[in-house]
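2 protein chains.
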Amino acid sequence: MDKAVREIDPNSDAAIAAKVEPRPIEEIGAKLGVPAEALFRYGHDKAKIALGFARHAEARAGGKLILVTAINPTPAGEGKTTTTIGLGDALARAGKKVAIALREPSLGPVFGSKGGATGGGHSQIIPMQDINLHFTGDFHAISAAHNLLAAAIDNHVYWGNALDIDTRRISWRRVVDLNDRALRNVIVGLGGPANGFPREDGFDITVASEVMAIFCLARSLEDLEERLGRMVVAQNRARQPVTAGELKITGSMAALLRDAFQPNLVQTLEGTPALVHGGPFANIAHGCNSVMATRTALGLADYVVTEAGFGADLGAEKFLDIKCRQAGLAPSAVVIVATVRALKMHGGVAQKDLGPENVTAVKRGAGNLVRHIENMTAFGVPVVVAINRFTSDTPDEIAAIEAACAAVGARVHPCSHWADGSAGAMNLAEDVIRLADAPSDFRLLYESGLPLVQKIEAIAQRIYRAAGVSAEPAALRKLTDFEAMGYGELPVCMAKTQYSFSADPTWRGTPEGFILPIRDVRLSAGAGFVVALCGDVMTMPGLPSHPAAENIFVDESGFIGGLS
Amino acid sequence: MDKAVREIDPNSDAAIAAKVEPRPIEEIGAKLGVPAEALFRYGHDKAKIALGFARHAEARAGGKLILVTAINPTPAGEGKTTTTIGLGDALARAGKKVAIALREPSLGPVFGSKGGATGGGHSQIIPMQDINLHFTGDFHAISAAHNLLAAAIDNHVYWGNALDIDTRRISWRRVVDLNDRALRNVIVGLGGPANGFPREDGFDITVASEVMAIFCLARSLEDLEERLGRMVVAQNRARQPVTAGELKITGSMAALLRDAFQPNLVQTLEGTPALVHGGPFANIAHGCNSVMATRTALGLADYVVTEAGFGADLGAEKFLDIKCRQAGLAPSAVVIVATVRALKMHGGVAQKDLGPENVTAVKRGAGNLVRHIENMTAFGVPVVVAINRFTSDTPDEIAAIEAACAAVGARVHPCSHWADGSAGAMNLAEDVIRLADAPSDFRLLYESGLPLVQKIEAIAQRIYRAAGVSAEPAALRKLTDFEAMGYGELPVCMAKTQYSFSADPTWRGTPEGFILPIRDVRLSAGAGFVVALCGDVMTMPGLPSHPAAENIFVDESGFIGGLS
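Taken in order, these protein sequences are the chains called A and B.
Going by this note's numbering, the first sequence opens with residue 20, and the numbers climb by one from there.
Going by this note's numbering, the second sequence opens with residue 20, and the numbers climb by one from there.
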């Protein structure tokens with residue numbers, strides 16, 4: 020941006036965060052009983068928890084797990100991460116030993132339009148500038164491991180192709196942790212015999228890599244490497260799968276991931292410990308922070324607050340059916356975040372008309388929230404609603420939400436943690452403590468033994484409320500193939516728009532009577548799930564006409580402005 | 020690699036390094052007077068020196084600078100980095116306050132065939148595994164900054180192309196810090212209107228990025244950003260240069276580089292401080308560690324030992340004429356590293372025949388060494404020769420080298436630091452102290468005001484001993500254009516094979532009578548030099564048929580094996 024206009028907005032997240040002096044990370048570690056020698060510091064206020072210590076902690080994971088999820092997202096925003104942080108701070112304020120477990124931000128949205136992922140206002144994790152940029156280098160390590168495998172595939176073909184890889188059927192793309200639409204579809208290997216075999220290829224954003232999904236589901240370095248070895252990267256000319264393990268490169272990939280695999284420890288503005296680790300896409304992957312971080316947190320704290328990507332139909336369902344299934348976790352309570360403004364949009368109001376009170380629209384839009392409550396309740400876990408308050412919200416609008424939720428047995432807590440920090444979420448925290456301390460009866464949506472197509476139907480009908488599923492014949496054949504190959508026990512990872520229960524992103528509120536299309540399916544053999552694609556899935560975002568990157572700067576004091 | 024054969028070679032560099040317990044990095048910093056609060060630790064044994072402290076130190080740079088360079092490299096190896104480290108340790112053993120300044124390794128050669136860049140045997144910097152892999156993330160930051168600019172260029176064209184960029188004339192390629200030949204020549208932007216404009220593109224290895232060169236020459240964050248803004252990334256339809264500054268992205272690039280720009284501090288196996296920072300290519304860039312690190316070291320230590328890439332004809336010439344010129348540095352002594360085996364190869368012996376004594380070949384090959392001595396002496400700096408000893412070297416072979424060097428006034432010190440650490444390089448260290456403490460008379464090879472073509476001729480004739488220069492007419496026109504654009508004062512960065520004084524990599528020894536071809540020239544306006552290309556320059560290496568990556572592994576204890 021123009022240097023002349025580089026002024027710091029005092030109400031920006033960066034400016035609010037800059038006013039707080041972070042406590043030494045050893046002090047934050049001590050709150051969880053992590054000794055200084057088990058912390059690999061990155062500067063004064065970031066650290067990795069030594070893998071040996073983390074594995075010791077995760078083996079005795081005993082804390083109560085609180086999942087924060089949300090209604091279907093709208094352009095009005097919900098504040099899920101902000102609420103996760105505010106609730107964590109409030110639990111700490113209530114005297115509980117608490118840890119927050121969050122995903123790491125990707126550079127793509129930071130420089131694009133979505134912004135970072137460190138909360139906002141007075142509910143932030145810090146150092147927000149560091150976390151939103153390179154942090155401890157985890158995503159760079161994942162990019163390097165992913166791209167080393169890609170180079171090894173082309174190199175294998177170049178030097179004789181002993182595995183008989185069909186270069187038309189290499190499914191392993193390359194990655195970059197940026198939004199770069201020009202790399203979505205490329206041709207590589209041009210320039211003659213010294214430069215390889217020309218073929219179609221493409222780049223995904225790093226968070227879409229199967230390496231990222233594996234990173235977030237593995238339980239040990241050994242498990243990590245075994246999963247990497249199972250990844251299918253291509254087919255040979257006989258149409259048999261070629262795995263990463265056959266390319267003899269998984270040792271190097273694991274070496275690249277060794278440090279990254281250790282959970283990161285930071286703090287909130289109020290000094291609550293936060294484990295921020297991993298960040299898989301919530302469409303073609305499962306969309307939540309690493310199992311290592313969650314289980315380590317559960318071994319160190321009595322209450323662990325975590326979040327899942329997108330709305331509860333996608334993010335929470337995957338959190339429960341994929342992450343909890345694989346990692347042996349059971350949540351003690353679920354918090355669903357909504358805002359009055361977002362519910363108005365679900366009730367049919369346009370974004371420009373969100374200002375004035377509109378109780379009718381709120382009542383209509385609350386149907387979206389109610390459905391998510393019903394869905395989460397069906398998992399056997401107690402549910403509570405957090406309203407992330409805006410000053411424009413009126414008492415009657417809040418009352419309308421309370422009435423709708425009461426009908427399905429859920430309490431509603433208007434919260435002001437964005438403006439007030441922990442003090443603004445004490446009501447929520449007290450109810451969460453009460454719910455989490457009561458016995459719960461968590462159950463998965465479907466058994467692992469169910470045929471893959473029936474797993475998809477279970478999610479479509481019971482979570483999305485579809486009338487049925489219509490899968491392409493080729494997709495059905497692939498599901499049969501996966502089962503024949505021994506992958507029938509895997510859970511299903513749905514790749515659907517986050518904006519609607521249906522596959523139509525413009526259909527807000529409470530869609531029903533629709534047939535969910537299954538266009539294609541993919542095997543993520545290393546991550547351990549089968550992806551069902553309900554439409555085009557964007558695995559490489561583009562930049563807007565005026566990306567956030569144009570407003571970011573650093574001054575000579577080292578302050579980085581323009582991040583959000 | 021096959022898990023069953025994952026055994027650790029006890030004589031490997033990794034195994035030798037693993038036997039030494041690194042001292043806390045605060046203790047290493049204290050040796051240079053860096054207080055703990057000015058160290059941003061990365062784990063227990065790596066740190067960045069806070070920029071404010073580093074800038075304070077570099078402003079009073081007063082130590083003596085020792086440059087380690089070498090004969091033209093051969094497959095027999097020279098051990099330049101190992102000698103740099105051994106000399107640093109020996110100076111410390113002699114009671115001197117010393118710091119070593121080295122480049123950071125690139126992941127490309129680590130996973131390819133060349134290996135890492137942390138020395139060897141008992142002259143290593145540690146933690147070698149960390150330094151050879153991600154270290155403190157500097158190269159990842161440079162990759163991200165480079166590729167963000169690439170994304171911004173395509174995005175600018177996508178959203179209307181207000182700068183009228185000619186998409187056939189975008190010179191800014193993309194980078195990845197790996198050897199990946201399939202990415203040398205690519206077509207991007209395929210897939211229809213939503214995915215951009217198809218055009219030819221390609222990837223370089225990160226160390227070839229102009230961002231890397233700038234990173235290593237900038238004196239402050241402000242200087243860094245200004246240089247980034249001057250980079251020419253494309254031409255518009257009127258054939259005028261389009262700069263990075265016009266894309267409004269340099270603030271974000273500088274923000275991405277903020278932490279990386281701080282010099283890294285590590286230690287040798289003997290606990291000598293080493294600043295390891297930056298690593299530009301030695302062909303299309305200048306091939307030495309950052310000015311920030313070198314000047315900071317000179318502000319903290321009495322003796323700073325550093326090295327330049329490739330042989331003295333390329334690396335040392337650029338170190339002196341580009342880095343010293345831009346950074347206001349003057350070396351106090353130059354060490355030229357050679358081995359008996361390499362001189363035999365320069366004397367015409369094939370690699371398989373290097374075992375037996377061959378005094379005749381050593382005498383013949385010593386001509387290569389003598390020329391480098393003459394060249395360095397012409398810069399007005401005292402020169403000494405270090406022979407990196409092998410057990411197969413014979414007294415008569417050493418004597419032959421001594422006789423040849425004595426004729427041009429240089430002493431020769433056989434050293435055994437690889438096997439013995441500092442004790443094996445004390446003779447060298449004592450002579451270096453003597454030379455460096457005497458007054459020297461450093462002078463650059465050419466004045467900045469000389470026309471660009473005459474700068475090229477000066478290097479070709481006085482360093483390479485070419486009979487003349489033959490430049491393509493288009494290259495000459497571009498040089499005239501650069502001068503008309505105001506870049507006539509810049510130094511020249513030669514891109515020539517490192518294996519010969521000539522442009523023919525197979526011509527070892529002492530080529531003469533040749534005409535140096537100048538195929539093309541390029542402007543690196545941000546780095547501040549004009550690149551003269553004497554042939555094809557490889558900016559993206561490929562992997563060999565059995566890359567080192569196949570032998571690297573990590574065990575559950577976290578030990579990474581297979582690195583060299």
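Hints should not be assumed to be uniformly reliable.
Any copy will do: because identical chains look the same in the list, a pair fits if it lies in one copy or spans two.
The list that follows gives simulated cross-link-like pairs (lysine-lysine, DSS-like), each with its CA atoms no further than 30 Å apart [what the hints assert, rightly or not]:
hint, residue 1, residue 2
1, 267, 133
2, 133, 115
3, 267, 115
4, 497, 116
5, 267, 38
6, 267, 50
7, 497, 38
8, 371, 497
9, 116, 371
10, 115, 371
11, 116, 38
12, 133, 38
13, 116, 50
14, 50, 371
The hints are simulated quantities; they were obtained by calculation from the structure and are not laboratory data.
Hint check:
no., hint, in the structure
1, 267 x 133, "between (38 Å within a copy, 19 Å between copies)"
2, 133 x 115, "neither (33 Å within a copy, 54 Å between copies)"
3, 267 x 115, "neither (47 Å within a copy, 47 Å between copies)"
4, 497 x 116, "neither (47 Å within a copy, 67 Å between copies)"
5, 267 x 38, "between (50 Å within a copy, 28 Å between copies)"
6, 267 x 50, "neither (42 Å within a copy, 43 Å between copies)"
7, 497 x 38, "neither (55 Å within a copy, 52 Å between copies)"
8, 371 x 497, "neither (45 Å within a copy, 55 Å between copies)"
9, 116 x 371, "neither (42 Å within a copy, 67 Å between copies)"
10, 115 x 371, "neither (41 Å within a copy, 71 Å between copies)"
11, 116 x 38, "within (25 Å within a copy, 40 Å between copies)"
12, 133 x 38, "within (24 Å within a copy, 48 Å between copies)"
13, 116 x 50, "within (8 Å within a copy, 41 Å between copies)"
14, 50 x 371, "neither (45 Å within a copy, 62 Å between copies)"
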